[in-house]
Amino acid sequence: SKKNSEYVRKEISKADAVAYFTEKGDEYKLDLLSGLNDGEITFYTQGDFTDLCRGPHIPHTGLIKAIKLTSIAGAYWKGDEKNKQLTRIYGVSFPNQKELDEHLQMLEEAKKRDHRKLGKELGIFTFDDDVGPGLPLWMPNGTIIIEELEKLAKETELSAGYKRVVTPHIAKESMYLTSGHLPYYQDSMYPPMELEGVKYYLKAMNCPHHHKIFSAESRSYKDLPLRLAEYGTCYRYEQSGELFGLMRVRCLHMNDAHIYCSKDDFANEFRAVNDMYIKYFNIFGIDKYVMRLSLHDPAKLGQKYIDEPELWKETEEMVRQVLIDSNIPYVEVPDEGAFYGPKIDVQIWSAIGREFTLATNQVDFAQGRRFGLQYTNRENQSETPLIIHRAPLGTHERFIGFLLEHYAGKFPLWLSPVQVKVLPISDKFNQYASEVTQQLLRVGIRAELDDRGEKIGKKIRDTELMKVPYMFVIGEKEQTEGIVSVRRQGKGDAGQFSLSEILTTLTSEIQNRHSN
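Using my numbering, the first residue of the sequence shown is number -18, and each one after it goes up by one.
None of these hints come from the bench; they were simulated from the model. Cβ atoms here follow ideal geometry from the backbone N, Cα and C, with glycine treated the same way. Keep in mind that the hints are not guaranteed to be accurate.
Dumping the calculated DSBU-like pairs for lysine-lysine here, alpha-carbon to alpha-carbon at most 30 angstroms [claimed, not checked]:
id: 1; residue 1: K193; residue 2: K294
id: 2; residue 1: K93; residue 2: K409
id: 3; residue 1: K98; residue 2: K10
id: 4; residue 1: K294; residue 2: K135
id: 5; residue 1: K203; residue 2: K193
id: 6; residue 1: K285; residue 2: K260
id: 7; residue 1: K440; residue 2: K458
id: 8; residue 1: K101; residue 2: K439
id: 9; residue 1: K(-16); residue 2: K49
id: 10; residue 1: K59; residue 2: K49
id: 11; residue 1: K135; residue 2: K269
id: 12; residue 1: K180; residue 2: K79
id: 13; residue 1: K(-9); residue 2: K10
id: 14; residue 1: K63; residue 2: K5
id: 15; residue 1: K409; residue 2: K440
id: 16; residue 1: K193; residue 2: K63
id: 17; residue 1: K(-9); residue 2: K281
id: 18; residue 1: K46; residue 2: K79
id: 19; residue 1: K(-5); residue 2: K49
id: 20; residue 1: K101; residue 2: K269
id: 21; residue 1: K93; residue 2: K144
Label pairs and their computed distance ranges (CB to CB) [unchecked claim]:
id: 22; residue 1: S201; residue 2: K135; range: 25 to 35 angstroms
id: 23; residue 1: E102; residue 2: H150; range: 23 to 33 angstroms
id: 24; residue 1: E102; residue 2: G28; range: 22 to 32 angstroms
Construct all of the structure, not just a fragment, from the sequences and the given hints.
Shown next, in the form of structure tokens:
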């Protein structure tokens, strides 16, 4: 830091880079260089230290003031368990101690909110070696959350004119060759299984199946926009070293849909999808978000991207204009588009300021032609629809992982696996407590009776630990007067209410999906 050394960037040829690291005997940098081409390689030099790096960097070392090494971890080279295991050292640097202290405080809070820790404590999900890494098992509590999210999505999509479909978990190789996914995506797919001389793949994406549903019937402009929705189960072979709780898994349940529309309808449809995102953000109390407009790299057409330069230019401008017209915050990111078109990645921040990638909204100008999708336009001519891929709630796995951190496990009432715990003070009041529990269940409130022979203090503490939103304490007065004493999670005593009064309050809170 005192030397104030400048970081100097230098583009270098592959041959010179290979020669440099061959002389140093650096097998790892040579391995990285094997996947790079001329024009993609940069060195950075700081003082007498030079290394291969994509960058960017801060301008000079004088900006480094406060440093903290935070952790170490074993890591397979390139995330592949077949490679050597190395040691990864994590550290952070800030221009002043105050910012570092704030960051470290956020990390401590993040540990408390770690979705893997909370998921185990609250009985949300589990993993098992016999099932396999990256394949979560959803416990009863987690399944309730899944069902509530699906209910929200189905209600929202029904009112927006979506039609629901269901597709198989496998498909023949020929379909993924038609879609173009195998050449571009095969490394992320499970290996094929062969039956009667035909190769089948586990479904890694829902879109080709939906395209087949579109093509199953004759379509005209009167049928468009056609919006096909499915909470489809997909399987992706993430590298073992990249698996991380619910955030990176091999089995995922996606809030997926595909919209088939004309160019004239595109702007309205794309805007409506973005509006759906905003609606969800309001429901879940997500205040900070930004859309990342991911574009193609013209130099990689035919390799990483479909070789249609004019269509790329046209569709990217269409998406950009919708974002501008909608006054939605966005940033542009080169060379991160899908292989078939530009996309928006939705970045959100949790309550403690951590960034997550929630979902994606993609434009597709290639798949329609690949699958021969046609509709008859107003002039009675055949035309290929534009396709919008969208998943506003992402996957159950990633979104529930985010919500566990965002809420610190304290889900809002409508989403909480157990909404009310009924706690009799002693066995004498079990009968009335059971009647209260049954009335809650009859009106659709998820309630449980704690009739253990424990002291009321322990029952309350145990219920607090399970982060149940409401507790009804039942004693002699409550039984005599036909009332309940209500406690709120983390807030303590909320007063005494008649059962009909509190049922009306809770039902309203649930139906309106109030956030915390």
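These are the hints, each one checked on the structure:
1. K193 - K294: holds, 28 angstroms
2. K93 - K409: Violated: K93 and K409 sit about 38 angstroms apart, past 30 angstroms.
3. K98 - K10: violated, 36 angstroms
4. K294 - K135: With a Cα-Cα distance of about 34 angstroms, the restraint between K294 and K135 is violated, given a limit of 30 angstroms.
5. K203 - K193: holds, 19 angstroms
6. K285 - K260: violated, 34 angstroms
7. K440 - K458: holds, 19 angstroms
8. K101 - K439: holds, 21 angstroms
9. K(-16) - K49: holds, 19 angstroms
10. K59 - K49: The hint holds at about 25 angstroms.
11. K135 - K269: holds, 25 angstroms
12. K180 - K79: Violated, at roughly 58 angstroms.
13. K(-9) - K10: At roughly 16 angstroms apart (the allowed maximum being 30 angstroms), K10 and K(-9) satisfy the hint.
14. K63 - K5: holds, 25 angstroms
15. K409 - K440: holds, 16 angstroms
16. K193 - K63: Judged against 30 angstroms, a Cα distance of about 38 angstroms means the pair is violated.
17. K(-9) - K281: holds, 22 angstroms
18. K46 - K79: holds, 11 angstroms
19. K(-5) - K49: Violated: K(-5) and K49 sit about 35 angstroms apart, past 30 angstroms.
20. K101 - K269: holds, 28 angstroms
21. K93 - K144: violated, 40 angstroms
22. S201 - K135: 25 to 35 angstroms: Taking Cβ atoms as reference, S201 and K135 lie about 27 angstroms apart, which means the hint holds.
23. E102 - H150: 23 to 33 angstroms: Once the Cβ atoms are compared, 31 angstroms apart, the range 23 to 33 angstroms for H150 and E102 holds.
24. E102 - G28: 22 to 32 angstroms: violated, 48 angstroms
Going through the hint list in order, the structure does not satisfy hints 2, 3, 4, 6, 12, 16, 19, 21, 24.
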